[in-house]
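S.K.: So the sequence lines, in the order shown, correspond to chains A and B. The numbering used here applies: residue 86 is where the first sequence begins, and numbers increase by one. The numbering used here applies: residue 3 is where the second sequence begins, and numbers increase by one.
Calculated from the structure, these hints are not laboratory results. Positions of the beta carbon are idealized from the N, C-alpha and C atoms, including for glycine. There may be inaccurate statements among the hints.
[Claimed, not checked] Computed list of lysine-lysine pairs in DSBU-like fashion (alpha-carbon distance at most 35 Å, straight line): (1) A/K253 / B/K240; (2) B/K257 / A/K510; (3) B/K422 / A/K373; (4) B/K422 / A/K384; (5) B/K307 / B/K398; (6) A/K271 / A/K249.
[Said to hold, decoys possible] Computed Cβ-Cβ distance ranges for the label pairs, DEER-style: (7) B/E258 / A/E488: 26 to 32 Å; (8) A/R503 / B/Q223: 51 to 57 Å; (9) B/V62 / A/E366: 45 to 51 Å; (10) A/E245 / B/K240: 29 to 35 Å; (11) B/K240 / A/E349: 16 to 22 Å; (12) B/Q367 / A/E367: 51 to 57 Å.
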Amino acid sequence: MSRTIDAVVSPTQTNTIPADISGQMLDLDEDDDLEVFSKDLTLADGNMFNASMPTSPGSMVNQCKFEEDEESDSKDIFITVDNPESHVTAIETFITYRVLTKTTRSEFDNSEYEVRRRYQDFLWLKGKLEDAHSTLIVHPLPEKFVVKGMVERFNGDFIETRRKALHKFLNRIADHPILSCSEDFKVFLSAQAWELTTYKKQGPGFLSRMGETVRAVANSVRGVKNRPEEFTAIQEYVEDFSNKIGSLDKVTQRIVKEQKEYLEELKEYGPTYTLWSGSEEELAEQLKGVAGCIERCCKETEEQVGHLSDTLVPVLHEYVLCAETLKAVLRRRDNIQAEFEAKNEALATKKVDRDAESSDLGFVWGSLLGKNPEEARHQRQERLDGEIEELKEEIDKLEDRVEWANNALKGDWGRWQRSMRGDLKSAFLSTAEKNVDYYEKCLAVWETFLLSQRTEPSEETDRDNTP
Amino acid sequence: MMADSGPKEVAVIGNTELTSAELDNNIKNTMVEIEKGTSLLRKLEISVAEAEKRTGKNTVNMQEIYTVYLIETRPVDALTEGITPDSLWRRYSEFELLRNYLLVTYPFVVVAPLPEKRAEIVWHKLSADNMDPDFVERRRVGLENFLHRVASHPVLCNDNIFNIFLTEDKDWKEMVYETGFQAKADSRLKAVNAAFRVKNPDGRFTELKHYSDELQTVLSQLLRVRARVADRLYGVYKVHGNYGRVFSEWSAIEKEMGDGLQSAGHHMDAYAASVDDILEEEEHYADQLKEYLFYTDALRAVCRKHELTQFELEMVALDLACKKQQKEELVTGTVRTFSLKGMTSKLFGQETAEQREAKLQVLEQQLKEGEEAVKEKNTESDEFVKTAWVDIERFKDQKDRDLKEALISYAVMQISMCKKGIQVWTNAKECFNKM
Chain A
86 MSRTIDAVVS PTQTNTIPAD ISGQMLDLDE DDDLEVFSKD LTLADGNMFN ASMPTSPGSM
146 VNQCKFEEDE ESDSKDIFIT VDNPESHVTA IETFITYRVL TKTTRSEFDN SEYEVRRRYQ
206 DFLWLKGKLE DAHSTLIVHP LPEKFVVKGM VERFNGDFIE TRRKALHKFL NRIADHPILS
266 CSEDFKVFLS AQAWELTTYK KQGPGFLSRM GETVRAVANS VRGVKNRPEE FTAIQEYVED
326 FSNKIGSLDK VTQRIVKEQK EYLEELKEYG PTYTLWSGSE EELAEQLKGV AGCIERCCKE
386 TEEQVGHLSD TLVPVLHEYV LCAETLKAVL RRRDNIQAEF EAKNEALATK KVDRDAESSD
446 LGFVWGSLLG KNPEEARHQR QERLDGEIEE LKEEIDKLED RVEWANNALK GDWGRWQRSM
506 RGDLKSAFLS TAEKNVDYYE KCLAVWETFL LSQRTEPSEE TDRDNTP
Chain B
3 MMADSGPKEV AVIGNTELTS AELDNNIKNT MVEIEKGTSL LRKLEISVAE AEKRTGKNTV
63 NMQEIYTVYL IETRPVDALT EGITPDSLWR RYSEFELLRN YLLVTYPFVV VAPLPEKRAE
123 IVWHKLSADN MDPDFVERRR VGLENFLHRV ASHPVLCNDN IFNIFLTEDK DWKEMVYETG
183 FQAKADSRLK AVNAAFRVKN PDGRFTELKH YSDELQTVLS QLLRVRARVA DRLYGVYKVH
243 GNYGRVFSEW SAIEKEMGDG LQSAGHHMDA YAASVDDILE EEEHYADQLK EYLFYTDALR
303 AVCRKHELTQ FELEMVALDL ACKKQQKEEL VTGTVRTFSL KGMTSKLFGQ ETAEQREAKL
363 QVLEQQLKEG EEAVKEKNTE SDEFVKTAWV DIERFKDQKD RDLKEALISY AVMQISMCKK
423 GIQVWTNAKE CFNKM
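Please model the entire structure based on the sequences and the hints provided.
M.R.: And the structure:
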């Protein structure tokens, strides 16, 4: 049974899933459930539901598959974000969005959920996902504020743009083979408001998270020493990509601006012909004809600008944010490796210490306390050996962690590149198509006018095709 | 083409390239011209072939740079091969002198305007500098057009001064001044005064004056807005050139998308570059409208002349009426209205019979003269109205024809622009498909 139904929906529809999908969900039998399980990773593994770092990264690597075909044939979770509403409390005013989920996954108790979420909740989710999967590429969220345009938070266009971006964000996560299995994600989609608040309060405490942050900062200061070539290549690419996409974003916004200004002038242009026609007799009809053509071209121009703003601008902007995400992911990967390297160095130092024949402070202390120098040295050896063993264990874990992080990133990197290509290709294609359409419509307008002017066919009209 | 261009050897006329639509129209115009009668252009090819910069001393003995234009003429019936045309160089100021002469000498003619002395109503990419080669080129075309207009005018083409302007270099200026046309020119003050005080101008001229005012207003506005639209369009196209640059740079770091991006970038560059030709073509359209904007001055000049003539007629008629009344008073001895004469006669006594007889004789003479003057002025006025109105009708037909064609050529330009756009974006779409 295939579930290859597209979930891209419009905001105005509340019933976003075609009827037949609901039918399918009701008809689920045992086999389908198992199909879901075996295809979409081992969801039975309790570890997957752990909000903190996975304790057995090795098992996760084995279980997570990055096969492409999964996404296309077995989309089993459909999410829409719509229906923004404004809430006013004593302290603040904020917007919530309706998040509607329909799913056949068994780890969800129901097949359908409807909850309301605010931007903060999305931020929380993103943070949790990044914490749990620090080297996976999480699709960016729309920004908190748009300072440039001085857009108000409650402006209709702003809300609509944000809503679309949030919709995309959740769907990207739903498509991701690993991220979609996250417990935090599940809770986000299904919990009622108060449940979510309670849930949010769980998890590693403030201090331990601070500790993590401090470590991360320390590692980033130290820097990674032996970054594998492929990640350096990725980083260089990300730098360049970030520049290019940033430029494209600016160029496109500039085009929108210029086009809008062109439209404003064009709107004044047509009426001058109408005004002129008032003074003429023979020419009046023709002049009105020209005025009409210009007016119709105005409408087409307006539509074209709208399309550009709705289709190309948001996608480019998204990928500007993506580039930042990528940089952060690479940094985190570096930090993980840096930590591993640091521990390795510590181990080496300890070994040197242990093998050192020279006296040290401990030895001196020992002798002061009346200990036998031989005994003291022996004790010290034992202590260092113990520490070395501990370190070795930690290093093993960190090594696993590095390997897991690298694999996760490599897998996700390919995935990200594919969706980047797909997204940008379709956005540019759509823009080009719209532009062709725009010129075709304007062409028809002027050709119609021309036909009405020629009383006899001439070389010009014979060349043109009558629409 | 803006003017009747006469013979089919249109290729020789100036440096303008004509589209097939213009060729069609030239042929149509030629037919019209042949029907109307002879015009100079049927006999003579006229072109303003080149423009050159010269330096010289001006009237205040300072060095200046100015442009001269080469006027070439060649008889039509002579075999065109191997016969070099006659040519001479003229400055813009000489064209102005010629036109002023024609305005004064033929006040009932709507005389074609000259192209702008200085570039006004330009969109910012176009230089407003008089020395800019594009401006000089457009002016050259405008001057040629002016000569064609005059040469194809049934009355003006026969003017001696005009013919010599085309063919003889020496002493032309002196000849013009010798005609004494400057003395014949009506003072502006006189004309304005007449315009205010005239009582019964021909309604058609009043209407024409209103029309030319309206046309001037609307064309000025239209040209200004068009220039702004052109400016904005330029901006839109040129920014797309940045896509070209960025796509090219981006393609260097992509594997699968590289080729598609690279070629899409080239199309974006082509798109950005295409706007230059588009706007240059539109500039010709703007020039056609500008000619008619400047024509409104000539229309108003004819109206003013009518008002002046009519006013003078009214003045003369009023004077005659006054004199008639004086005679009546003298004859009947009654003083119907308050007059100084009446007062003085009361004060100083009645005049003698001889005095009265003398006065009567003078009045009779004046009356006779006055009646002559009225008759003369009447004829003058009628003549003027008649000849002026013939030319105005000619002008109206010419205007409707020319502007209709201009609007059609504007539509053709828009179509061409749209087709280019379709082509570029279709190509770009294919490139994006390959990404």
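S.K.: Which hint numbers does the structure go against, in order from smallest to largest?
M.R.: none
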